[in-house]
Every structure is written in C-alpha cells, then in structure tokens.
Amino acid sequence: MQTIGDSLLSATRIDKVFPGAKALDKVDFHLRRGEVHALLGENGAGKSTLVKCLTGAYRRDGGTILLEGVEVDPRDTFNAQKLGIGTVYQEVNLLPNLTVAENLFLGRQPRRLGLVDVGAMNRQARALLENYELDLDVTRALDSYSVAIQQVVAIARAVDLSGKVLILDEPTASLDAHEVEMLFRIIRRLKARGLGIVFITHFLEQVYEISDRITVLRNGQLVGTRDTATLERRDLISMMIGRELAAEIRAAREEPDVTGPVRYRFKDYGRKGHISPFDLDVKAGEVVGIAGLLGSGRTETAEILFGAHRADSGTAEVDGKPVQLSSPRRAIAHRFGFCPEDRKTAGIVGDLSVRENIVLALQARRGWTRPISRTEQNRLADHYIRALDIRTADREKPIRLLSGGNQQKAILARWLATEPEFLILDEPTRGIDVGAHAEIVRLIEGLREKGMSLLVISSEIEELVAYSTRIVVLRDRQHVAALEGNRITADQIIEAIASANERGAA
Amino acid sequence: MKPKYLPLTATIVIFVLSYALCAAQYPNILSTRVIGNLLTDNAFLGIAAVGMTFVILSGGIDLSIGSVIAFTGVFLAVVLDNTAIHPLAAFALVLLITTLFGAVMGAIIHYLEMPAFIVTLAGMFLARGMAFVLSIDSIAIKHPFYGTMKALYYKLPGGGRITLIGGLMLLVFAIGILIAHRTRFGTDVYALGGGTATAKLMGVPVGRTTILIYALSGLLAGLSGIVFSLYTSAGYSLAAVGVELDAITAVVIGGTLLTGGSGFVAGTFIGILIQGLIQTYITFDGSLSSWWTKILIGLLLFVFILMQKGIVYVSRREQRHA
Ligand SMILES: Nc1ncnc2c1ncn2[C@@H]1O[C@H](COP(=O)(O)OP(=O)(O)OP(=O)(O)O)[C@@H](O)[C@H]1O
Ligand SMILES: [Mg+2]
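Sequence order for the protein chains is A and L. Going from the first sequence to the numbering used here is simple: count from 1 and add 257. Going from the second sequence to the numbering used here is simple: count from 1 and add 187.
In short, the hints are calculated from the structure, not lab data. Even glycine gets a Cβ: it sits at the ideal position worked out from N, Cα and C. Wrong hints could be hidden among the right ones.
Simulated restraints, written as ranges between beta carbons of each label pair [said to hold, decoys possible]:
| no. | chain 1 | residue 1 | chain 2 | residue 2 | range |
| --- | --- | --- | --- | --- | --- |
| 1 | A | E653 | L | A309 | 28 to 36 Å |
| 2 | L | A294 | A | D484 | 49 to 57 Å |
| 3 | A | D394 | L | L486 | 33 to 41 Å |
Okay, derived cross-link-like pairs now, DSS-like style, lysine-lysine, Cα gap no bigger than 30 Å in a straight line [said to hold, decoys possible]:
| no. | chain 1 | residue 1 | chain 2 | residue 2 |
| --- | --- | --- | --- | --- |
| 4 | A | K279 | L | K387 |
| 5 | A | K421 | L | K337 |
| 6 | A | K448 | A | K654 |
| 7 | L | K387 | A | K448 |
| 8 | A | K707 | A | K578 |
| 9 | L | K387 | A | K283 |
Output of the computed footprint for chain L on chain A, the stretches with three or more beta carbons under 8 Å from beta carbons of chain L [said to hold, decoys possible]:
| no. | stretch |
| --- | --- |
| 10 | 350–359 |
| 11 | 362–368 |
| 12 | 372–380 |
| 13 | 391–405 |
| 14 | 700–709 |
Here chain A stands alone, though its shape is the one from the complex (with noise of 0.2 Å):
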C-alpha cells in the first residue's frame, strides 16, 4: 500500500455539506508525488467542491488534509497558495481590468523599498510567458486577449504558484488542441520535477494521455483510485455514471431522409471581418453540422445567423419570404434559438432559480405583460429538469449553486422552452459529462425527428458525424466545404479541415 514517503497530499474523509445538499461524503483523496491525478466524475459529483475544499476557498465540515505528512488547514486561498499549492479553478479564474502581469503576480509583487517595482514585475511577467509561447504585451488589461489566452495565462499563474501541488479544474474547455499540447508538456515538465497534479476533466482521451492514477466521484462520493494504464475506459464510464453504458453514441449512421422543404436559406450573407459571405439552406428535420478548428469562424457563423452581429452582405429567407434578422430579438421573433458556447458570461443568470433561468427566454418572447403562470413555470422546469436530467436538489435553487455541466443544461433548457424552429448550438456538449453527452446527442436526434431545423457547432467530430445530416466545413473564417450522406464520416471532415488548411497554406 501507499507509504507516508510517497504522498504527497492526503485528504481523509472530507465531507462538504450545502444547505440542502451533501457535496462530499467522507471522501479519501491521495496525491502522489510526481504524478498526475485524474479527478472524474459526473457533472455535480463533487470535484469542484473537493478541489475548493482541499485550497481553503470553502470551508470543509469535516476530515483532515496533509501535505507531506504535516497536517495543513488552509484558511484561505492565499494561505493555500503559501503552502504551494497552485490551482486553475473552473470558473473564470483572473481579472479582466488588471493587467496580465498584475493577474500573474497578484499578491506577490515584486517590491522595492516596499512599493511595487512595475519595471521588475512586467520582466518577470515576460519571461514567465516565454514558457507558453505566448509573447504578449504584459502591460495591456488581461480583458484585451481571447478566452484561450486569458486560460493559459490563468494556468501559468498557477504553475508558478504551486511549488508543490498544481490543480487544474477543466483547463482544457476553451483550448486548441495546439494549446492542450503545450499545457500536457508544461504537465510533463512539473510531473519530472516531483509535483503532484490533479487534473479535471471530461475528454477521456486527455485523462487516457497524461494520468497515471484516476479517481473518481459520483453523487459526493469516492467511488475509487485506479491506475490508469489497467482501467479500461468502458469500466471508467461505469464507475462515473454507476450503470452500463450501452452505447457510448450510436456507432453506425443509420441514413435519416431529409426531404423537407428549404425553410432557411441565407444568400450571400456575411459581415466583414467576422465571415466571408457564404451560402446556407436548411430544411425542416435537418441538422447541419459545423466543424473547423478553433478561430475558423464559427462562433461567428452563428452569431450572424441570430442576428448577434448584423450582416452586411446578403439575404435572408424563411419560408421563402425575406426577413431581416438585425438583432436577437428578431430572430426569436422569427423563432430563433442560440445556445451560446460561453455560457460563464453569455448565459446564466446567477441569482435566479433553475426554474427561473429555463423560463427566461421564453418569458422574454412573450413579453413581460403577459406572465407565465406558476404552475406552467414548475411544469415547464420539472419536465427540463428531467429530460436533461439536471442535477439539483429542487427547481428553486439558485442556479450559481449548480455544478458548471448542470448549468450549461439548464441554458440548454432555456431554448428548448422557447420551443424554437430553428435551433443553433454553439458547443452543447463542452464541459458535459459522458451520461449526458448521449443524452444531448439523443435529445438533438428528437429534436430533427420532430422536423426543427438545427445547426450544430462541435470541436467533437464523432459527435458531429453521429447527428449530423450536412456538415458544413470552415476555415479562415470561410464556408469551405459540405460534405453529405454518406461522405460524412471522420475520416473526410477531418480530411475536408486538413486540406482546407493546405489550401490555406499554399
């Protein structure tokens, strides 16, 4: 078994409760020196809370924490930050009016004469950065980059704070798989140099890449610890979601016909500096699929369709007749639905009830003079609540209480309610965990069965291929090519992105 020698950081039996809700029950938690930790579980099993627990940013009711055989109780994040532990928490992690020096030296600059030395810390900053290949102007307002880069900026900070235990809870969401490399080396680095990491996340493939050890939560509790090289990955999945899952998703396409009418069809339609002009019809009970990598313009694409950003270019009709989609609220007039991919800022409203945040939109189409009734509400809320299957203790709490993936559901939700014709989804299955990932491919394959025309953006091209009835390729912020039938298959998206980046190249 495991000697005192070798650990590194040992929680025994933590327990986290929230009025209403046991977060951990009695939860064991070893770190080994020198290796990285996979913490999984489904959304709200507990990882985050165990996390915020063993850094001080909450309270734990109970258990103890060693850090090499000494027992610690870290107060306050500062205070785990003293004791070497470096964490990157999931939710937005740095201040978007500080500087990017400021953000990564925060409560450590460098002082001289006991005022801060700018000068020094800008340089310490620079150098720092050269370690991500990032050369960025230090001095600008963290809020001036792209979310990618605020995240490798968050996880250098906490690189450079953990002199003995890093923790990154989900850092990968909002990455490149350019940018997942370059963090798995960093990983690789510190793991060489004796740290223990723990490392949350919900792709698989990452964990079967960079872990050594898994462990695994389900509804607050330690399910186990194995080694990662003898796990397999089905037995994982079921300790995570505690059943078999049948089919992880539906292996072989069956061919759905599409042979409704055009009820979109944009012509031409682009804005400058956001996409190129492209061309685009979707018939009623089609999903078009969006693939490209990170930056190929396809957030943008959805955006000008629901009107976020006003075209410049082009035409738009439903059902044959042209309509002008100039703001949101035209586009859910015309029965719109966008399901924004950043859903920490464009999404949730965190005071408001889980009931609240699903009615939201709907509320907001009918206008505020004509209320939904309670009972509807709580009718429209349980029945969400259930078909995404939502974890949490009852329809009123507020929705901020809810694990990230619960919430990025209940946003789900909030469109579904509006009952819309044409849906786009912008990520729907980042930061979702595997049982509801099927459940979200199944309840998209419901939502095309029932004849609503979709558009799907994905990084997950095997989730693309599963539902996918046309799939729209995109680069440099162009339409490139569709691919349909039975030419959708990994294989050529892949293929069809690849060769668009040669094009690019050439």
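Once you've looked at the hints, dock chain L with the ligands against the given chain A.
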C-alpha cells in the same frame, strides 16, 4: 493607445480646452493667484474625492463623506471651545474616530454582505445625527493656532499662494496615486473592482481590503473635515451637505468607471480642477447665476457617462475579435 487610458485622456483634453477657452475670454484666469485660490477653495473636496476614488475603484460607494466632514467640523469646534486640548491633539482624535467609523462600515459591508450603498447611507445619517447631538448651532473657532495655520503659505511667482490646505490636497493626491499604482493594496483595490469572487479565489484578502478601503475613505473624510474647518473657521452640523455627490462627480468626470475596476486617482484631480474651473469662470463672469455651475457639471457628467459606455462597448468588441 490602451483603452484604459481613453477616459483619462478625454478628461485632460476637455480640461485643457475649457481652460484655453476661459483664458481667451479672461486672461487673468491664467494667473497664479487664481490657480492658488482654485486649489485652496477645492482642497476639502479634493481630499475627500481621493478616498472616494478608492471606494469607487473597488466597486463600492461611500455616501457618508459629507456628514463625516460636518461631524468633524462640529467636533473640533466643540472640543476647542470647551476644553484646553491643543488643536493638533484634537485633529489626531477626530481622525481616529472617522477612520474607525469607516472601518466599521467596511466590516459591515464585508461580513454582513450588505450593499455599500445602504451601509454608507446609514453612516451618512448617523454621522450627521452625531454632529447635531454635539451642537445644532454654528460655532466659530477662534483658537490662535488656527490663525497661525491659515497664515502659512508658499508664495508662487506672480503673487499666487499655495496655502497649507491647498498644499495638503496636492500631497494627498500624490500619496493616493502612489498607493493606487505602487502598492499591493492598490492592486487589490482594482482586483475587488474586477470581481470580488474571482479576487477571492486568487488569494486577495477581500475582508481586510474592504475594511481598509472604507477606513481610508473615513480617514480622508476626517482630514477633509479638518481642512474644511480651517477653511471656514467654524463647525456647523448642516455644513457640507451633498459633498459626497460632488466627490463622486469628480471621480466620474476623472474617468473612473462607476462599476469599479478601472480609473485613476490622477483623473480625479483633473475632475476637481474642471469643477473648480467652472466655478471660477462663473465668478469671473459675475452675471451668471451660480446654478450654472451645477447645470454645466450635470451636463459634463452626463457626457462622461455616455462616453464611458461607448468606450466599454468598443473595447468589448475589440476583445471579441482580437
Ligand atoms: N456554493 C454551493 N452551494 C450549494 N450547493 C453547491 C454549491 N457549490 C456546489 N454545490 C452543489 O454541490 C454539488 C457538487 O458540485 P461540484 O461543482 O463540485 O460538481 P463538479 O463535479 O465539479 O461538476 P462539473 O463537472 O459540472 O463541474 C452539486 O450538486 C452542486 O449543485
Ligand atoms: Mg466542476
């Protein structure tokens, strides 16, 4: 230019332009005499506005400032009138009281998770009430030491004077700038303005910082009260009504976002100068009602808030497509 400098630059440009306009009409306005008076007349407001800048930068508000100034004045007048305590000792005592007063408000805001607006509104009534309890009359201060201090000044070429209180304001601004941009506390203040929850996760001592911010505001309101009592040589419980609003105005005209997290102490200084300039112009003109000061400042404030909205909007868009 970085977006965060835009509001400050706009403020400076507006100040220089309006100063040039005034000078074209009344060249006298350029004299050091006028400048010296402008500093003296606005010293108490400027000092209080420095405290307000920190509060607003952190995403809060302090409505108690005007009342604290009045309380300080009455307290000094009563103490100096009825006891043999030296003014300097009385100053120290009253600063201790107002600092503690601010600290308690900060503690209530943090620990009871109450909105700053409500807590400092209660503080405003409380401080004003305390002033009334001490005395309802206007009490003149005749202590000889006051005369000595009022006679202190630094003579500028051209006959202008930087009085003790004018100089004190300049010093407070200088220290304020240093604290805001060159101390860890200063960065923590901006961090709170950027988002309390995130700041907490990043290890910022949120409670301590909040208490210190309101304590600082209380300290500076007390100092401002001392300056006000030197300026008027009296203490009156109905004095300085609405000064908190003038201070907020200076802060906002100075380019600090009311939502917190972005702005400069130096901007507030310009904000004070702009307000002072408008007053000076109206005095020079002689025919305009003094209400024009309020009207002009109101308009200016409105323009600034619109401009800030615009800047926030533009920089958001830039960021999305960076
Ligand atoms: N501050 C809070 N107050 C009340 N309940 C909370 C709070 N934070 C989390 N919870 C509840 O605790 C449970 C565990 O949440 P946690 O965030 O740890 O899940 P998670 O495993 O990180 O999930 P995800 O993969 O979705 O991020 C959830 O049921 C959640 O609703
Ligand atoms: Mg989580």
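Going through the hints against the structure:
no.	hint	in the structure
1	A:E653 / L:A309: 28 to 36 Å	31 Å, holds
2	L:A294 / A:D484: 49 to 57 Å	50 Å, holds
3	A:D394 / L:L486: 33 to 41 Å	36 Å, holds
4	A:K279 / L:K387	23 Å, holds
5	A:K421 / L:K337	60 Å, violated
6	A:K448 / A:K654	40 Å, violated
7	L:K387 / A:K448	28 Å, holds
8	A:K707 / A:K578	23 Å, holds
9	L:K387 / A:K283	26 Å, holds
10	350–359	holds (count 7)
11	362–368	holds (count 4)
12	372–380	holds (count 3)
13	391–405	holds (count 7)
14	700–709	violated (count 0)
Of the numbered hints listed earlier, those contradicted by the structure are 5, 6 and 14.
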